[in-house]
Every structure is written in structure tokens, then in C-alpha cells.
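Using this note's numbering, read the sequence shown as starting at 9 and increasing by one per residue.
These are calculated hints, taken from the structure and not from any lab test.
Just so you know, nobody snuck in bad clues.
Derived SDA-like pairs: lysine to any residue, alpha-carbon spacing no greater than 25 Å straight-line:
#: 1; residue 1: K124; residue 2: F90
#: 2; residue 1: K157; residue 2: Y213
#: 3; residue 1: K320; residue 2: V248
#: 4; residue 1: K347; residue 2: E116
#: 5; residue 1: K320; residue 2: T293
#: 6; residue 1: K215; residue 2: T339
#: 7; residue 1: K76; residue 2: V57
#: 8; residue 1: K234; residue 2: L39
#: 9; residue 1: K157; residue 2: R210
#: 10; residue 1: K92; residue 2: L283
#: 11; residue 1: K215; residue 2: M154
#: 12; residue 1: K234; residue 2: E34
#: 13; residue 1: K92; residue 2: I209
#: 14; residue 1: K157; residue 2: L283
#: 15; residue 1: K124; residue 2: L171
#: 16; residue 1: K320; residue 2: H330
#: 17; residue 1: K347; residue 2: T68
#: 18; residue 1: K320; residue 2: Q336
#: 19; residue 1: K215; residue 2: R279
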Amino acid sequence: MATISLDPRFNLQVSKNQQQHGGVVEEIEGLIRVYMDGHVERPSIVPIVPCTMSLERGVTANDVVIDKCTSLWARIYVPSCFGKLPFLVYFHGGGFCVGSAAWSCYNEFLSNLASKANCVIISVNYRLAPENRLPAAYEDGFNTLMWVKQQALNGSTEHRWWLRHCNLTSMFLAGDSAGANIAYNVATRLGSSGTSDFTIIRPLYLKGTILIQPFFGGEARTWSEKYTNQPANSALSLLVSDTYWHLSLPIGSNRDNPWCNPLASSMAKLRDFRLPNIMVCVSETDILKDRNLEFCTALTNAGKRVETVMYKGVGHAFQILHNSQLSQPRTQEMMSHIKAFINE
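Generate coordinates for the entire structure from the input sequences, incorporating the hints supplied.
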């Protein structure tokens, strides 16, 4: 993966924009600046790459437009294969505010995952906050499923290159960090008691959900949020987490909004969700570790089937940032665990 670094020209542009758009009201250094008049900047800290770049051997990728009105698009990865393969709908991380399906780190990770886990992956480029606050990203996730359904029912010749390899009755929602939050909230929408959304996506069938370091929060702090010391190259600190939530939740909401804190709802409501098997990937040095583990315990107590996997010695987003000596072997472990989960 290319080294992540801030373009020095960005600081020169900032001073010009402060005159034009007013002062900066919110900032995560190197990732996002929000100005007084609502103008948003996202410096090119991670390279944007075409779908043909740095693909794993034998993997084909293409970009597809899902909804022109909302600029919703996706990147699809297909490994060389015979027969039908499990189908992953994947949502990238970035605190709902940054990130792209075209980021080089996701292009590398997902083409590798498609090859190693032998699955077709559609990586969704959903709308970002604060321009599009939640639930916009959840709507984009759900609309992606409806779009795939429509292509399958129509027998689309344009999309036959990837659809013919998909076992649509073996579909998984997956994502990391904020993307895992999206995967979970789309899954709960499909499985909400008293709705028909679980059947409305047929011929797609949701077989499982894969949540990698799911980005949740809450007004009350966990032990790991308060006391876990983060290295300088960490992807997530408590201050950064709070800023992401402030920018992405509906204005006036706090961190006990159920989209941020799924345990803020009653246990009875959690029991009512019809959820398929869930795999939760937790990083040992992540500030979200305790919150992720509490989430797994609550789901288990609500009668859901949960597989929890702990990755030792690594932090948040290690699988895409490669910011630890252990990142590479732990990433290979993660891919092996995902492969086993989708082939159960």
C-alpha cells in the first residue's frame, strides 16, 4: 500500500479558503475540514486509483453506476472461478465522513479478499457526512441491494460479467469501522419485526453479516475508550471518534442515538431483530475493543448467533493501513476467518 501522507499544498489552500468560507468549525487533521459556511474539504491523504490498478492476480474489477441522482456507485471484484460464489456487499470505513471505494487501500484489500476468500465483492461508494448525514449511508446500502435485485431479475446483459458468478442466496453484508455500522444497520432494517423488507430483496438472501471493528459509540465511555493509549499512527482516537459522530449524526442527536449506540435500545427490541449469523472482528489495541465486546455479548444474550474473533497486537483498521509489524499476518488471518465464515 502507498504511504499515507498529507499533500503539503493543502495548507496553502487552507488559508485561501478561510478567507472565502469563514473559519474552520470542525477538523480532523489531514482528513477533513468543515468551514463556517458549510464548505467541506477532504485532502488527498490516500490515493484514488482506477479499478484496474494493483489487482490481485486473476481478479477482474469494474465500476458500476447504481443511482445517478445521488452519485451512488460501486466497484465490483470477481476472482477467476468456476461456478457460483458467495456474494459480499462491502462498505468502507472512514467515520461516515471520509473514504472511498476507490481508495488504494480498499482496492488492494478487497481484490485480495476476493481472491483469498473466493467470493464476488461489490464495494459501495455511499454518500458522506456532513453533507449527507445519517441515515443517507444506510439508504445507499439498502438501495444497492435493491439495485442488485433488479439486475438479477432483469437478466441484465450489461452486468452478466459478474452476476453469473454470484450465488445470490449466499449474500453477506460486510464492512469495516463505519462500514460495519452500515452493514449492521442495513441488516437490522431487513430483519426488523413487522416489516417485509427481509423478503423484498428476493432473489437475494442474506446469509450473514461480517462486522470488522464496528464503529459504535455512546455517551458513557468504556474502559478501552478512556484508557487505551494510542500510538501516533493510530487510525482512531477518542477525539476523532467524537468528531465523526458530531458530523454524521442528525443535528441535535447525541451518541446514544441507536445508530451510534445499538445497545441504547431495549433488550427486547434487540431480540425482535431477525438477524442471520454475525461475525465480529475485534482488534486488541483498538479503543473500540470493549464496546465491540459488549455488543457481541448483548447479541448473544438476545439469542443471536455471534462469532467473535480477536486480533492480537493490532489496532483499528490495521488490515487497510498496514501500520503495525503484525498487520500483514493478522490480515491474512482475518481473510482466512472470513473465508471460513462465508463457506459454513
